[in-house]
Every structure is written in C-alpha cells, then in structure tokens.
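Q: Below, each chain spelled out in residue letters.
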Amino acid sequence: MDVTINPETGTLIREGVDSILNPFCEYAVEMGLDLKRRYSDIETVAISMGPSQARTALMRCLEMGVDRAILLADMKFAGSDTWATAFTLAETIRTMEGDFDLILVGKQAIDGDTAQVGPELSEILGIPQIMYAVGVELIGNKKKVRVKREIETGNEIVEVKLPGLISLSKGPMIRSVSSFKEILDARKKELRVVTAPELNINENELGLKGSFTQVVKIFPPQVKKTGMVIDSSEPQGAAKKLIGFLKERKFV
Amino acid sequence: MLSWSNGKIMHEITSEIVPHVDLKGIRCIEDYSEICQDYSPYLCDESKLAHQGAQYLFFPTNEGELSAIFKEMPKRDVTVTISGARTGLVGGAVPYGGAIVSLERFDKILGLRYDTHSKEWLVKAECGVTIRDLNNWAMKKTFPGLSESGSAETKAFLEKYKESQTTYFYPPDPTEMGAALGGTVSTNASGARTYRYGATRNWVRWIRIMLASGEVLEIPRGKYFATPAGEFIIIDSAGNETIVAMPKYTMPLTKNAAGIFSAPNMDLIDLFIGSEGIFGAITEIEVALQKWQNPISIVQFFPSDDKALDFVITLRKEKSIRPEFIEFYSSHSLDLLRKKQKEDPKVVGMPPIPDYAKSAVFFDLQFNPESKDHDYSKLEEIVYRCGSTLAMSWAGYEQRDLERFKNFRHVLPETVNTIIAERKKKIPELYKLGTDLAVPDHALEEIWGFYKSILEEAGLEWVAFGHIGNNHIHINIIPRSLEEMKEGLSIYREFARKAVGLGGTISAEHGVGKIKKEFFSIMFSDKVLKEMKEVKNALDPGLMLNPGNMLDM
Numbered sequence: 001m002d003v004t005i006n007p008e009t010g011t012l013i014r015e016g017v018d019s020i021l022n023p024f025c026e027y028a029v030e031m032g033l034d035l036k037r038r039y040s041d042i043e044t045v046a047i048s049m050g051p052s053q054a055r056t057a058l059m060r061c062l063e064m065g066v067d068r069a070i071l072l073a074d075m076k077f078a079g080s081d082t083w084a085t086a087f088t089l090a091e092t093i094r095t096m097e098g099d100f101d102l103i104l105v106g107k108q109a110i111d112g113d114t115a116q117v118g119p120e121l122s123e124i125l126g127i128p129q130i131m132y133a134v135g136v137e138l139i140g141n142k143k144k145v146r147v148k149r150e151i152e153t154g155n156e157i158v159e160v161k162l163p164g165l166i167s168l169s170k171g172p173m174i175r176s177v178s179s180f181k182e183i184l185d186a187r188k189k190e191l192r193v194v195t196a197p198e199l200n201i202n203e204n205e206l207g208l209k210g211s212f213t214q215v216v217k218i219f220p221p222q223v224k225k226t227g228m229v230i231d232s233s234e235p236q237g238a239a240k241k242l243i244g245f246l247k248e249r250k251f252v
Numbered sequence: 001m002l003s004w005s006n007g008k009i010m011h012e013i014t015s016e017i018v019p020h021v022d023l024k025g026i027r028c029i030e031d032y033s034e035i036c037q038d039y040s041p042y043l044c045d046e047s048k049l050a051h052q053g054a055q056y057l058f059f060p061t062n063e064g065e066l067s068a069i070f071k072e073m074p075k076r077d078v079t080v081t082i083s084g085a086r087t088g089l090v091g092g093a094v095p096y097g098g099a100i101v102s103l104e105r106f107d108k109i110l111g112l113r114y115d116t117h118s119k120e121w122l123v124k125a126e127c128g129v130t131i132r133d134l135n136n137w138a139m140k141k142t143f144p145g146l147s148e149s150g151s152a153e154t155k156a157f158l159e160k161y162k163e164s165q166t167t168y169f170y171p172p173d174p175t176e177m178g179a180a181l182g183g184t185v186s187t188n189a190s191g192a193r194t195y196r197y198g199a200t201r202n203w204v205r206w207i208r209i210m211l212a213s214g215e216v217l218e219i220p221r222g223k224y225f226a227t228p229a230g231e232f233i234i235i236d237s238a239g240n241e242t243i244v245a246m247p248k249y250t251m252p253l254t255k256n257a258a259g260i261f262s263a264p265n266m267d268l269i270d271l272f273i274g275s276e277g278i279f280g281a282i283t284e285i286e287v288a289l290q291k292w293q294n295p296i297s298i299v300q301f302f303p304s305d306d307k308a309l310d311f312v313i314t315l316r317k318e319k320s321i322r323p324e325f326i327e328f329y330s331s332h333s334l335d336l337l338r339k340k341q342k343e344d345p346k347v348v349g350m351p352p353i354p355d356y357a358k359s360a361v362f363f364d365l366q367f368n369p370e371s372k373d374h375d376y377s378k379l380e381e382i383v384y385r386c387g388s389t390l391a392m393s394w395a396g397y398e399q400r401d402l403e404r405f406k407n408f409r410h411v412l413p414e415t416v417n418t419i420i421a422e423r424k425k426k427i428p429e430l431y432k433l434g435t436d437l438a439v440p441d442h443a444l445e446e447i448w449g450f451y452k453s454i455l456e457e458a459g460l461e462w463v464a465f466g467h468i469g470n471n472h473i474h475i476n477i478i479p480r481s482l483e484e485m486k487e488g489l490s491i492y493r494e495f496a497r498k499a500v501g502l503g504g505t506i507s508a509e510h511g512v513g514k515i516k517k518e519f520f521s522i523m524f525s526d527k528v529l530k531e532m533k534e535v536k537n538a539l540d541p542g543l544m545l546n547p548g549n550m551l552d553m
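Chains A and B supply the protein sequences, listed in that same order.
Just so we're aligned, residue 1 is where the first sequence starts under this note's numbering, counting upward by one.
Just so we're aligned, residue 1 is where the second sequence starts under this note's numbering, counting upward by one.
Read the hints as simulated data drawn from the structure, not as lab findings.
Errors might be hidden in some of the hints.
As the list claims (entries may be wrong) - Distance condition first, Cα-Cα at most 25 Å in a straight line; then the derived BS3-like pairs of lysine-lysine:
| id | chain 1 | residue 1 | chain 2 | residue 2 |
| --- | --- | --- | --- | --- |
| 1 | B | 378 | A | 181 |
| 2 | A | 189 | B | 378 |
| 3 | A | 188 | B | 372 |
| 4 | A | 181 | B | 432 |
Please model the entire structure based on the sequences and the hints provided.
A: What follows is the structure in structure tokens.
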C-alpha cells in the first residue's frame, strides 16, 4: 500500500502501511553478506537510526544473516535531516566500530527519496565514496575494493583503498528468503540500542537542532484531471455524446 | 447446534413474496449474437466448459426483479442459469440454453453486528460481493455505504468494530478471491485454510434464498431442523404445503463438495449451502468473522515425498502446533517449478529451489515478530525426525512475503495450465486431468501409495500438490497425446473408486457442476440419487433452475 499524505496536517499517513527494509539498503545488506560468504572472517554489523520501524528493518537484516545490529533510538534524534543523521551515524561508527573496513549503504531512501546520507557520512568520516554500485569485489588482500558502478552512459569500474563507503543501486532480481531457523536465530542475536548520552555529540548537533533543513510542509501534488467522463447510466445518450465528441475531432 | 435464541426448533418454514416489479424495467440482452459478441464471459467459467447457448442475459438489481424473472421464465418455457463471478471449476455457471441471470449487481454490504450469544462479529452482504472485498473491508474496518445507509444500530456497531484493537477476517479462502460470496455459499467453497477453519458452511449464519416460485425463504442457522423422519415442510405465501424429504446416506468424513447435504436432524440452511443453485438463488448472506493473528509462512523442504507425508501425519497429531493450512509439493511439482524458474524467475518470485529439496510442505503458524520467546522445539523435533531441519526451509512473515509464498503455491497449477494450453494448440482435444479427491486421515498414506504406483507405472507426466492437511492432494495429469489423455481418464476413475472405497469423496472442493457428474455413480447408489432428485422435484418442480448442475433430471 502507498503512503498517503494527510492534507490537513501535512504529515505522512503511515497507519496500516507495512514498514519494510528500504530495498536499496537491502541490496547493501545482500552485498555485505555476499562478501561474507566469500571471506569467512568478515563480520557484518547493521546500523540504523529511527523509531520502532527501524528496529523492524534491523531485525530483517539479522534474519538475512547480518551478525549483529545497532539501533540509534532516542527522542533527541527526532527531526534529523540527512546531515544530522549522517553526523550521528558517523559518530556512532567512530566511537563504537572504529576499526571498520567498508560501509555499504543504499543509494537512496524510498520514502523521502533523499540520497545524501551516504555521501555526507563518508565526508564526515573522511573516507572515499563510490556511489551507485552494482558490483563489489575485494582485492589486494582485502585492502582495496573494485566496484562496478552505474553511470549515464554505461558502467564504470573503480578501485579504491579501504576503508571506504559504497552505495548500492542494484541487487539480486529476486529478494532472498530466510529459513525459519534464521528467523528464529535472528531474535537471539545482539541488537544494541544506543541513546544520545552514549555518543560524544553536543545536543545542538542532534535531531532537529542539528539539522540544516527542515520539512515545512508535505503536500500531495495537484492531480490534473484530463479527459472526459461520460455517464453511462443512460446508454443511448452516452453513446450519442461519445459519437458527437469523436465526430467533432474528426475521428469518425 | 440446537441453539435458536427463543429456543423453539421448527420443521416448517413459510416463504414470503417480494414486491412486484415489471419485467420490462430489468436490464436484459435478448439478442444471442450480441451476447456472444459483447457478453461472451457470461457464457463460460473457469472450467472452460463449452456452453449450449442462451436466449436472455438478465442483470437484476434486487429481489423484486429477480422474482419477476423467476415468475416469467417458466411461462416462456425457459430455464435459468444463475451467474455469479464465474470462478467455478466445474461449469456451474455455464448456460445450457435458457436465460443467464447475473447477480453481479447484488453487491452491497447490508449490515454489521456483534452477536453476544455466539460472541462473534457478523457481516451481512448481498450475494455478489466478492470474497476479496469482504476481507479487505473487514480487515481495514471500512464497509462502503454502511456508515451512510445503515440503521442507527448498525452505525453503533460499526463504531464499536472500528474501536476494537483486534483485526478480523473472513476465513474461507478458495484461492480465487474474486469469487462472489453467493457462489462460494452455493458451492460450499473451501480451500487451503479449510484445514483449520472448515469450509464455507462453517461460517454461514443466515441466508435469504429465492426459490423457483419467486418467493423467498429467510433461514438463520439453528432454527429449522428436519423432523426425525428427515423432512421439512415449506409453506408458500398462499398456504400450500410442500414436504421435502432429505436424502438418507452417510456423508464422507472428509472435506466434501459432492452431493446434497445429509445428516440426521439436519439444519435447513445446510440443504441450500453447497447445493449448486439447483434449489434456489441465494440473495443475501450473513457470515461470521474470525480474529486475525499474524502468521508466518513456512515452506519446509524434505528429502522425499514419503518423508513429507510422514511430517504431515506427525504434525497433525501434535496438538500444540496449529497450522492454518498444510499444503504439499511433490517431487515432480518442485521439478516443474525449477523448470519455470529457469524460464522466468520473476513469475515464481522465489530464489532457486535448493537442489537437496525433493518435496516440500507449505504451512503457516501464528508468529509475533516482536516476541523473543519463541519455542518451536516441538516442530524442530518433528522436522528432524522426518529427515530435514528448520535450516532447510523458507520462511517469511512480512505482508509482501506472505503474498509471494502464496503465489509460489498458486503458480504451480498455473504452470500446468500453461503447458496444457500450449499442447492444446497442436491437439485441441487435450485438457488437464485434475483430481479433487479426498480421503479420511487414516487413509492418506494408502491413497498416496496407490496414486504414485499407478502413475509411475503408466509413465504419464504428472504432478501432485495441494491440501494434504485434509488428505486432499490434487493429482494433475498432463497428457502429451490423446492416448495419454484416455489412459489418464481411466486412471482418474480408478482413483475415484479407490478414494470412495476408503470412505472419501469424488469432489472435496471443486463441486460437481456439469463436469463431475459421471463420478457421482461411483459415490452414490441409485437409491440415494433418486432421493436427491426428489428434493429437486419438490423444490423446483418445473426444473427451471441451473439445468445440468449436479443431477441429470
């Protein structure tokens, strides 16, 4: 079901809408797990910031095979724009997962369609970024990545030294499916909830206060109605009207 | 269920007249060539059975109009075939001449109430409402038109229903959710969820049915019961009495859609549910809803067909595990799906079926994704004893996963249909031979062994799948030639005789309609068939309604 907008309050109506892991983020998880299958010593960690829906998304990552997860959940994070989100994520990664090698993200969100968190995150962390990847290989004794990325005219192969950040724009054609064992086991894995006081960030840089942009209003685009509707309750009259319309435009 | 609220059990019922309407005002197509050209869908159903023409196609919008048609047609010596959503598989809605009467405009929701006696929510609707709409409305808690047109009492119930934290749904799930409610009641439709919830019959609490006379009976469940001699007395508005004697035979102890209901002291409502429209047209229905609980769908793979059967038999005995349905994919079915995956992976919608999988059982359990305290050790143990592990499975609980798992089940018969359609291009006489036999629990292994040995020996192409929880495995024989078709037909008859011999039925869910009558003689003696025909003669002496369905008069 599509998310609709309440025209009075300008907020998204999420009731009755299943929240799912963002498909582009799912591609990132699939890619991480694919690398893990090829190199058994890789540890995978899923990180997300958000309310209860984010916990659902992280649980899905754990079911898919990610080793553990971190959920950034605090009212102080509420209202974060992409910058505040990237800033909070970067600080979390720095303080808690400082020895990371590779960050994989989805190319964009599918609700607000923002695509800035990935690039901003790499800028804050001071690591190279490759966007719109469709294939990733570890090379040079896992010190480098070779990435196939989409560009307007085709594909491009890029290599960078790790640590780095890659955003994914494509994944497997058919979504993977977990076994019942994986679904049950996921619930026994570590899902660490991190709150604002655990991070070394000034409160002014968190949430709405730390955001450069603010959503003032959300509204549905005005639907332009084209065409003509002919009432068919009087079939003969309706047919006459239709014929008249077609004749007028010299179609018949 | 002898529980009518005022405690009075009755054997007599009086039919009532409905307001008179002039036939001229009813929408009707009288030109046969126009029916063929512009209204051809009304000439067939999902069985693809060839029709025998039609003189009229009526679209009544209310009981008054329907009654006018019923009263007029005998005067013109014209029979009537009732048409719902035409999703049936045995030609019930396919006209054999006469008038087609489409009830698609009977599409309104009429009421919602909570019954304090039975402690359940009840929805009343016209017969043309689809199962899909009914379920969507029940689950989303919005019933179109009800908050405007409903009585003050209904509006109060609607508010209460909306406030409830619980989600409700209508359990009968005949796979084809586009089916009309009236059609599903007339055929006592069932499906996968029948394993847990029973067939449509279990959920119908009240009906209005228009008899061939054009008069209407209103029948709540639990009020009108047969006399000890097995009779009902129907009195028309003029005071004329008709005595209807129920056929006397023991129904199979399985899911069953063959023949007229029969039981000692039976409820009158059960005579009409599943009678395939030969006694009247059901116009309004009240059904009960059930609490919805989040499920998880599981496809558990096994190393052989026999191990899958072992699993089903053990699972059914384990009362602490309560699946809503238990479905089977035979080894050949998985092979067919693998082939389909290679051709068009998107249609199947699942990752490649693992090589180790030689059969599978598809079922679902209640599952709360938020809970951490899951104990499925009993299931794990049973799976392990049957040569598999929970790691050798697919599972999903998100709505999109529940849908794709359901599709993975649905795509199998569709694939068979596609193969047949392809072969039909070369040999037009070919059709799919799909069994609809069910046996009692104790006979599952025996019938499976019987099916398998005969089919393997014959060297035919076949797959097996379906409602194994109800011992209702669909065998689909996919003939490659007319010889194979002939052989398949004779095997089908042999299977039917075996199933009946084991206390089963020739039609567990598809019904009899115009297609499966030949198997009737396997299941019923001449005496019982005669008794069934006597019911028809009593209720529809002019033999106007749905000629060709169920009984050859």
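Q: Are the Cα positions of residue 189/A and residue 378/B separated by 25 Å at most?
A: Holds - the C-alpha atoms of residue 378/B and residue 189/A are around 22 Å apart, at most 25 Å.
Q: Decide if the proposed pair is consistent with the structure: residue 188/A and residue 372/B, CA atoms, cutoff 25 Å inclusive.
A: holds (7 Å)
Q: For residue 378/B and residue 181/A, compute the direct alpha-carbon distance and say whether it is at most 25 Å.
A: holds (13 Å)
Q: For the pair supplied as a hint, residue 181/A and residue 432/B, confirm whether the alpha-carbon distance does not exceed 25 Å.
A: violated (38 Å)
Violated hint for the displayed structure: number 4, the only one.
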